[in-house]
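Visitor: Take the sequences, apply the hints, and build the full model.
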Amino acid sequence: MFSNSQVDRLGRELRDGQVNEENLRRLEMFRSEFVEAYTYVEDVLVRKLRITVTGRPSKSTVAIVEKLRRETARLSQIQDIAGCRVVVPDIASQNKLLDLLVLMLGGADIDDKRETPTHGYRAIHIVTKHNGRPVEIQLRTRSQHAWAEISEKMADAFGQSIKYGQGEPWVLDFLSNLSNVTSKIETIRYKKKTLLKQVKYSERLSVQARLNSQEKEAFAELKDLFSRTQKQAAE
Amino acid sequence: MLFLLHYNRSKGSLVSIREFPDKDIANASAEKLRLEIDLLGSASGQEVVLLEAGSRDALQKTHARYFETLDEMRDNSK
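Which chain is which? The protein sequence lines are A and B, in order.
Position 137 (the first sequence) corresponds to 143 in this note's numbering; numbering is contiguous.
Position 57 (the second sequence) corresponds to 1390 in this note's numbering; numbering is contiguous.
To be clear, the hints were calculated from the coordinates, so they are not data collected in a lab.
Just so it is clear, the structure is predicted and the values come from calculations on it, not from any experiment.
Any given hint could be a false lead.
[As the list claims (entries may be wrong)] Taking lysine to any residue and the SDA-like style, the derived pairs with C-alpha atoms no more than 20 Å apart in a straight line are:
| # | chain 1 | residue 1 | chain 2 | residue 2 |
| --- | --- | --- | --- | --- |
| 1 | A | 222 | A | 173 |
| 2 | A | 229 | B | 1406 |
| 3 | A | 190 | A | 237 |
| 4 | B | 1356 | A | 43 |
| 5 | A | 65 | B | 1406 |
| 6 | A | 65 | B | 1405 |
| 7 | A | 237 | B | 1402 |
| 8 | A | 65 | B | 1404 |
| 9 | A | 237 | B | 1404 |
Guide: Below is the structure:
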């Protein structure tokens, strides 16, 4: 087992460009220390809660090096060396599953990025520890997930910095607007699901009509965004 | 099922994918390391990652970026 100072020395060397065979072997050994915690969390999600999960037993080398260069964090402080991703249909399911996970995992740190997104990225990140090793669960709705995947793909084409608010302005605008409008649609749908049950019967029709109209406007906004962006991309 | 992916970020395309049984994480990790060492010195933008999913179909849903073009992703997200 590595000490924190050994891990951080490895992190500094990787950050400084020493990505060589020896350091790759050391990094793999370090990442293997998270497998037990990852397996435990995956077991809770898949076997106990019967959730469909995609796991990443260890963060890729390129992603670790980028994170070390981008942030001041040391390698020993990175919370998402091991992680899992869960995609649920909508906000209501996301809230329900969050409550369940908190109950099952206990003592988890929750980072809810839905109201305050990170450069457009919305999701809930839950970090739980097992035998001292953190495992990050990314809990996303379908819409949040679609945005995140498009953002990743655009980062491949236009540079990873666009995920952190830097780079080609039209790409940043597109991602920011896409995040806002898809969030708006999701929130309207969530309100339709929850609010309608709470209002008086006499008000229900008018509330429903208002939400339907807002949803229609948001979809028109989304269509317009794609069409404007296609033109900009072609220029 | 474990999936070892080699993805070329610059080209936006999947170079290779290998499957391993769930319990074979040690072997899959060793193959990942071997591939990373093989790729040392090659052009930047190479990503090697080990993922676990119930099936390849499930993996493609949660990690579409590795399998689809931007246009395909946009169409599928509508």
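Visitor: Now tell me, hint by hint, if it's right for this structure.
Guide: Status of the hints after comparison with the structure:
1. A:222 x A:173: violated, 32 Å
2. A:229 x B:1406: holds, 15 Å
3. A:190 x A:237: Since the Cα atoms of residue 190 of chain A and residue 237 of chain A sit roughly 24 Å apart, the hinted pair is violated (cutoff 20 Å).
4. B:1356 x A:43: Given pair residue 1356 of chain B, residue 43 of chain A holds - Cα atoms ~15 Å apart, limit 20 Å.
5. A:65 x B:1406: The given pair, whose Cα atoms are some 23 Å apart, is violated under the 20 Å limit.
6. A:65 x B:1405: Not OK: residue 65 of chain A and residue 1405 of chain B at ~26 Å, beyond 20 Å, violated.
7. A:237 x B:1402: holds, 18 Å
8. A:65 x B:1404: violated, 27 Å
9. A:237 x B:1404: Holds. Residue 237 of chain A to residue 1404 of chain B sits at ~14 Å (cutoff 20 Å).
Checked against the numbered hints above, the structure breaks hints 1, 3, 5, 6, 8 and satisfies the rest.
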